[in-house]
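Engineer: Residue 1 is where the sequence shown starts when you use UniProt numbering, and the numbers rise one by one after that.
One should not assume that every hint holds.
Computed beta-carbon distance windows for the label pairs [unchecked claim]:
id, residue 1, residue 2, range
1, Ile175, Gly92, 55 to 65 Å
2, Lys103, Asp83, 16 to 26 Å
3, Asp33, Gly158, 32 to 42 Å
4, Pro68, Lys44, 19 to 29 Å
5, Asp31, Gln169, 34 to 44 Å
6, Ala177, Thr46, 49 to 59 Å
7, His82, Thr120, 29 to 39 Å
8, Asn66, Lys103, 24 to 34 Å
9, Asp33, Gly117, 34 to 44 Å
The calculated lysine-lysine pairs, modelled on PhoX-like cross-linking and capped at a C-alpha distance of 20 Å, are [claimed, not checked]:
id, residue 1, residue 2
10, Lys57, Lys41
11, Lys44, Lys60
12, Lys57, Lys44
No lab work stands behind these hints: they were computed from the structure.
No experiment lies behind these values; they were computed from the predicted model shown.
Where is the CB? At the ideal position from N, CA and C, for every residue including glycine.
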Amino acid sequence: MTERWRPMTTFLVSTGMRYSEAAALTVGDIDPDAGTVRINKAWKYTSDNTRRLGPPKSRKGVRTINIPAQALTAAGDLDRPHDALVFATQSGDPISAQLYHNKAWRPALKKVEGQLGGKTPSPHDLRHTCASWMIAAGVPLPVIQAHLGHESITTTIGVYGHLDRRSAQAGAAAIGAALDAV
Numbered sequence: 001m002t003e004r005w006r007p008m009t010t011f012l013v014s015t016g017m018r019y020s021e022a023a024a025l026t027v028g029d030i031d032p033d034a035g036t037v038r039i040n041k042a043w044k045y046t047s048d049n050t051r052r053l054g055p056p057k058s059r060k061g062v063r064t065i066n067i068p069a070q071a072l073t074a075a076g077d078l079d080r081p082h083d084a085l086v087f088a089t090q091s092g093d094p095i096s097a098q099l100y101h102n103k104a105w106r107p108a109l110k111k112v113e114g115q116l117g118g119k120t121p122s123p124h125d126l127r128h129t130c131a132s133w134m135i136a137a138g139v140p141l142p143v144i145q146a147h148l149g150h151e152s153i154t155t156t157i158g159v160y161g162h163l164d165r166r167s168a169q170a171g172a173a174a175i176g177a178a179l180d181a182v
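Produce the entire structure from the sequences given, and follow the hints as far as they go.
Structural biologist: Here it is, written out as structure tokens:
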């Protein structure tokens, strides 16, 4: 991935934000001292393919999340007007999903296509990667639900529950300990 696109890609994978949310993010949404991002808007496309700013995908999509230092670094210079887009074209316009896909994602995949086993990941898979990393680190599913802005824990469990082997192993260990104590 070229240096031009690496910060946005790093931000996406390290926050788990939906592309439409990250592309709408403004400098004022980031609190570098607290290490948080306030997600309160997203780009929407109308039936005639025009872009407008609206709320995130769900009611719980409006959220404040903690982000790692790498995401803050990827956000770049935050000493700009609060309404400036964090990620923008050189002319200051929003980076459309199509532009990101064509200029950043597709060329990056082209370089590693022999290693993908015939799969074609999408930028949304960066969100899944973030969630998978949190699960592997033992983060509880309700925390992941809140971080991702899922309306229901059912969504989180349905998409990621099969990856949560630690909880299943901890459950088995707890049952074993209880049986040993009897």
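Engineer: Any of the earlier hints contradicted here, and which numbers?
Structural biologist: none
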